[in-house]
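Participant: If you want the building blocks of each chain, they are given just below.
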Amino acid sequence: MVTKEEIQDFIRAQVDREFFDELGVLIPQTFQKAAKEVEDLLIHTPPEDLRGHLRHSLVQEALAGMKRWNPIIKATDPKGHNYVLLELGKMRVTAVVLPWQKEIRTAKHRNELKTLNESLSSIQMDWIDGLKHTVTEQLIHALVVVHAPSPRFADQSEPVAIMMAVPYFNGNGFHMDCTFEELLQSYSDNQATDPKPIELVKLRDKMRRAEIVEDQIDDEQKTKG
Amino acid sequence: MRTGVAGFQSERLKQLRLTFGITQTALAEMVGRASGNISKWENGVQVPEADAFQRLCEVFGVSENWLLEEQIVTNEDTPFFFRSQVSATANARELAEVRLEWLQDISYKLQESLEFVAVNVPHLEESNCLVISDEEIERMASECRQAWGLGTAPIPNVVQTLENAGIVCTRTTLGHLKMDGVSNWHELDQRPYVLLVADKANGIRNRFDAAHELGHIVLHRHVSKEQYESNYDLLESQAHRFASAFLMPAESFLREIRWPTLDTLLALKPRWKVSVAAMVRRCKDLEIINETTTTRLWKARSARGWVKGEPMDADFDFERPQLIARGVKMLVEHKVLSRSQLRQLLGLPLPTLESLCSLDKGYFTLPDQSQVIDMQLRKRTARDTFFSEAAEVLGFPSKK
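Residue numbers (my numbering), protein chains in the order written: chain A, 1 to 225; chain B, 1 to 400.
The reader is advised that the hints may include incorrect statements.
[Said to hold, decoys possible] Dumping the calculated DSS-like pairs for lysine-lysine here, alpha-carbon to alpha-carbon at most 25 Å:
id, chain 1, residue 1, chain 2, residue 2
1, A, K36, B, K284
2, B, K284, A, K33
3, A, K33, B, K299
4, B, K284, A, K67
5, B, K299, A, K67
6, B, K269, A, K67
7, B, K14, B, K178
8, B, K361, B, K109
In short, the hints are calculated from the structure, not lab data.
Generate the whole structure from the sequences, applying the supplied hints.
Facilitator: As structure tokens, this is what we get:
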């Protein structure tokens, strides 16, 4: 079993705290801009649709503007959209805006996740389907998940939460998810101790094993059911 | 009967003592008198005897006439605007005020022989600071830029800009860390004066200090002393707003800020030559970012440890005032006054004088160029040359 701490340790070793600080300031601004633009543009029609598009585009735009971290703009597969990929140490980071109430679930809820993955696949093809790619590149993928508030919610200018998640290599679940605050807190907590972080290869193998075990448990439950 | 040196300026003695940071007792010991005497001299109850007076001049390194000449008093009492932290002591303010008065004194004396740049500073006629709105401050800032032909680009050198507009500036150390600057409209020559304190500041901060003082000069020309005392915080915030509007005009600055984060703002620092903190503040003033984002930016800033000092702070040179220095040098070079005459005229203690004039240390102690009388060798006539030179005798080739 891979613990949350292990993955967080690994992230801390690869990514500078300032990166998350920047993101924490940037992402809410994309929501503010999207809300304001939609308010200015639309008078007669409901704003949700355009706001959703704008949020996605602006989050990618903001990430692409983080020049200090060398962003790469990639086309999705199937084509039609773009997303931004950041390579930080041995990690790849992408970001996605998740519709309200679609939470990241553990492997137990894989069936529900399947539909979620499908809904995301059009814009986040690579991190879900491009699994072989990820493994050969020896990188661990981290996903910044921005939770948008419910459309009925009065304040649309702030995301409900910004999460950090590490998906399975086969894209069917998540090893770890935590809020940004939690992650930043772990940076300050571990400033003094600085434990030796786990090696990439070891962590990856551990993660793979955990995935297989999860799969087996899942299969057993299915046959029982 | 009162004895002693007539016309002794008690006020100047006190100013000197405070500047040197010595107590009455210590001074008494240096001069060889009782501390009670010093107190009486300072209060004008008594004047020192000739030998004590001499001793005072020696201790402080001032010229005799400086301690004797009457200070110029104007009818109108204009307030001195301080940029300082709340905890700055009254002593620090008094010191800064005295320095600025000395600068005015120097400038006044130099103007007897020099024509300074005409004052061209747009200013508000408003005497009630409570009615000055943010829009008005923004308007005045852009009016200044327009009057000085600055466009909307970043300002390369703020101090020079001020001097070109006829404002007399100086940068000096005070020995107080909590003081940043002081400014005043001098009624006598209708000219604004700015003193920037160089104790802790870096180049970037000094620029902002200068712009802040300009804010007081432009906005608070007609604000009375009473108003200044009762509305200190308001006046400071108005000068701040002016400084950021002057350094970062809305129209051009906004275009360059797409996503205000610490990294993007830091990237703009070398171009605009303002601190990230000032830029965050400006973004908030211009409503590009809301309250929550501002808080996030401040938090991230302190998490990076930038409260103590931002990156690149040390990369910017101090902007050095040049007007007074150039004036002094001009007088010396054109032989209107020699260095020693100037020193005698301006009278102040040497280190203070040199720093107020922004001159290099030891400028006044350099020897005046001695009068070299032109001497030339007398030219000889062609005839003299012809006869005096020994002719070369050519030998006949010997026959073989």
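Participant: For every hint, state whether the structure bears it out.
Facilitator: Hint check results:
The hinted pair formed by A/K36 and B/K284 meets the criterion: a straight-line CA distance of about 16 Å does not exceed 25 Å. Among the hinted pairs, B/K284 with A/K33 is consistent with the structure: their alpha-carbon atoms are about 15 Å apart, no more than 25 Å. Restraint check: the Cα-Cα separation between A/K33 and B/K299 comes to about 21 Å, which is no more than 25 Å; the hinted pair holds. Restraint check: the Cα-Cα separation between B/K284 and A/K67 comes to about 23 Å, which is no more than 25 Å; the hinted pair holds.
Our distance criterion of 25 Å between C-alpha atoms is met by B/K299 and A/K67, whose separation comes to about 22 Å. The suggested pairing of B/K269 with A/K67 holds, with an alpha-carbon distance near 16 Å, which does not exceed 25 Å. Restraint check: the Cα-Cα separation between B/K14 and B/K178 comes to about 22 Å, which is no more than 25 Å; the hinted pair holds. Under the criterion of a C-alpha separation no larger than 25 Å, the hint pairing B/K361 with B/K109 is consistent with the structure, at around 21 Å.
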